[in-house]
Every structure is written in structure tokens, then in C-alpha cells.
Amino acid sequence: DAGITQSPRHKVTETGTPVTLRCHQTENHRYMYWYRQDPGHGLRLIHYSYGVKDTDKGEVSDGYSVSRSKTEDFLLTLESATSSQTSVYFCAISPRGTNEKLFFGSGTQLSVL
Amino acid sequence: DAKTTQPNSMESNEEEPVHLPCNHSTISGTDYIHWYRQLPSQGPEYVIHGLTSNVNNRMASLAIAEDRKSSTLILHRATLRDAAVYYCILRSTNAGKSTFGDGTTLTVKP
Chain X
1 DAGITQSPRH
11 KVTETGTPVT
21 LRCHQTENHR
31 YMYWYRQDPG
41 HGLRLIHYSY
51 GVKDTDKGEV
61 SDGYSVSRSK
71 TEDFLLTLES
81 ATSSQTSVYF
91 CAISPRGTNE
101 KLFFGSGTQL
111 SVL
Chain W
1 DAKTTQPNSM
11 ESNEEEPVHL
21 PCNHSTISGT
31 DYIHWYRQLP
41 SQGPEYVIHG
51 LTSNVNNRMA
61 SLAIAEDRKS
71 STLILHRATL
81 RDAAVYYCIL
91 RSTNAGKSTF
101 GDGTTLTVKP
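Respectively, the protein sequence lines represent chains X and W. Under my numbering, think of the first position of the first sequence as 1, with each following residue one higher. Under my numbering, think of the first position of the second sequence as 1, with each following residue one higher.
The set of hints was computed from the structure by calculation and includes no laboratory data. Keep in mind that the hints are not guaranteed to be accurate.
[To be verified] Dumping the calculated DSSO-like pairs for lysine-lysine here, alpha-carbon to alpha-carbon at most 30 Å:
1. W:K97 - X:K70
2. X:K11 - X:K57
3. X:K11 - W:K97
Work out the full structure: start from the sequences and follow the hints.
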């Protein structure tokens, strides 16, 4: 299994509070991604990174920001959490190219009350 | 971004072959066809991918139409552990974004 660790695994927070999710990889892969998955639906891309300090928006980036200061860490921040951001968040990595296979973490269940 | 279309659900009997279809009529020349599956409460797992030619690995086979506008994931002998949601997505060499649809929920009956 690819070395991907997401933390925390579960989090409950209140509306309006900031939240940061962490994705840590030990594979030295170039690309890292954050997806969200709502019940009964597929994954939607939030942001992705193609290198240290290089990031781009996905299809549902509003309300989220990301940072990548080291190859191994990709942080997802909800500046002011809302109930609509209650979801399961998955981190993924891929080695060198955007055509290559994705390896996913185990997910973070976030509940915003 | 190019989109994929899959049936919402399919059923199979254990130990029989399963053919999961995917349509991608707007595929471009730089798009690779990828398949992933997701078991309950887990992250998606890579299954197989290809560009133009049919591909085989220990998990499955991928048959790609000659015009590349459709593909089929083939599980040669379905087991109960193959029950999952299967996603067909396109990944391009010149774009970081990959769009997941809602996938196909495969039910395997004993």
C-alpha cells in the first residue's frame, strides 16, 4: 500500500471555526490531491498540487485553501467551516504525471455542526 | 474536462465474468482511461488503466474500443469481495484535473 496518512481520521467541529486536514506521504510523489465525497456520490476534486508551493483549483474549491511547503505534506484548510462542508475528505497522490495512477488515503470524516 | 458515463448499478453471480461499461465520447488524444473501485468506508483503489490497447493485470482486463469512445472493465470471475463501486475516469497528460462520476455499484450474488 502507498504510504499515505490522513489526519485526523474523524473530526467534529462547529460552524464558523477553522479546520485543517493533513495529508502526509512517504512516497516522494510529485502530485497530491484533495477530494471530497458526499453520501451516494463520487469524488469531487477540491485542489491539487504539482509540486512544492505549486497548487491549482479543482471543481469545488470555494471555501477551501491548500498549502504545500514540503513534498510530503499537503494541507487542506477550511477557513470558516459550514455545514455544507460536512463530508468525507480523501487525499490522493500520483508519481510524476497527471495521467498516472492515483493512490488514495483512508479518508477523513468531517462533521460540521 | 472530458466526462464519463456509467450505469448506476449492475449485478453478477459469483464466479461468473462481469463486464462493466463506460462511455467517454469526448475523450481526447492525451486522455488515459483509468478504473478504480471503492469498498465501503475505504478510499478508492486503483484497478487498471490504458491508452489505446487492451490491458490485462492480476485484477482485471480493460478493453478499449477502437475509436476510444468507450471501454469495458472485465472481471473474469467475480467474487463476493469484488462487490464495490467502480469508477471510470479520464486522466490527461496535460491537465491535473480528473473528474469522478457516481460510478457503477456492482452487487455480486452468491
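Hints, verified against the model:
1. W:K97 - X:K70: 21 Å, holds
2. X:K11 - X:K57: Distance of about 24 Å is within 30 Å: holds.
3. X:K11 - W:K97: Judged against 30 Å, a Cα distance of about 27 Å means the pair holds.
Of the numbered hints given earlier, the model fails none.
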